[in-house]
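Novice: Going down the list, the protein sequences come from chains G and A. Taking this note's numbering, I'd label the letters of the first sequence as residues 1 to 106. Taking this note's numbering, I'd label the letters of the second sequence as residues 1 to 196.
Listed next, the stretches of chain A that the computed footprint assigns to chain G, with coverage defined by at least 3 CB atoms under 8 angstroms from CB atoms of chain G:
{"#": "1", "stretch": "37-44"}
{"#": "2", "stretch": "61-71"}
{"#": "3", "stretch": "183-192"}
Read the hints as simulated data drawn from the structure, not as lab findings. Heads up, the beta-carbon is just placed ideally off N, CA and C, and yes, glycines get one too.
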Amino acid sequence: MTDHAATSDHAADIDKHVRIYITVFVALMVLTIITVLIARVHLPIHLAVTVAMLVAGIKGTLVACYFMHLISERKLIYAVLALTVVFFAVLLTLPVLTHHDGYWIH
Amino acid sequence: MEIPYTVELRRDTGLNNGKIGIWLFLASEVMLFGALFASYILIRTGSPSWPRGDSILNVPLATFNTIVLISSSVTMVMAWASLMRKRFGTFRLYMAATVLLGGVFLVVKYFEYSHKFHDHLFPSTNNFLAIYFTLTGLHMLHVMGGMAVNAYFWGPGAKLWKTDPAWFTNRVENSGLFWHFVDLVWIFLFPTLYLL
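Only chain G is shown next, with the shape it has when bound in the complex (with noise of 0.2 angstroms):
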């Protein structure tokens, strides 16, 4: 391949990365107008907080994959990533645990 067509190549990868980047603006501006509907609904509590949850869910996953590039990104990273997942997991976890099971810390 020439330099010429190694460039232009990847002028055509950027042009479809900042295409993506637009249409993921766009998800993220309307998941954000869902959000504030959803709550204008009030819905019982634990049904509001899988909703509201469900969608920030979606909106980080976007943010992370396409802003962060995780779609693409190395091995090592997600181990990495991996093993702050299960942390994050547990430091969640426990507080649930310890008010569903009836404050078994004392």
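Given the coordinates of chain G, assemble chain A onto it according to the supplied hints.
Specialist: Frame of chain G; chain A shown alone:
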């Protein structure tokens, strides 16, 4: 002394040092905010009553701030894409927009805080406000930190573009990763504090 592996990839990690460094830092940040989220769950589930966020906080302002922060994430990633396309002038425009949007976020937050203080609502007033001020205050410090780094790369730090454009592009990508993380945290803070 020259800093190693700023652009070229290490054979053992397959990454440059800046990239692995920022991700390890972000992993520690996840645990920092995770601890506060866990505290929030513990305090809320252990409380006999808990106010809905929208009965105390200003949802339209927070929605506006969410839009501002998401927009700043887009301008940040466009700043990096501009460097990848070798368009330095466009990079500066997008980076300036990112810093300005960060500033707008802080100004809105200032008005939110001022209104609360005016109404004699302080962190010591109740558990809800304590966790609200702690989480949003810590998040604001992160916004300020990100703005300072981005302003540096817009201004004096941009000199590196002339001598080592690849390294400069990597540095902007890493500051972008931090900025997107700040956006990501807000995406969860907004419904948790304001809407539930």
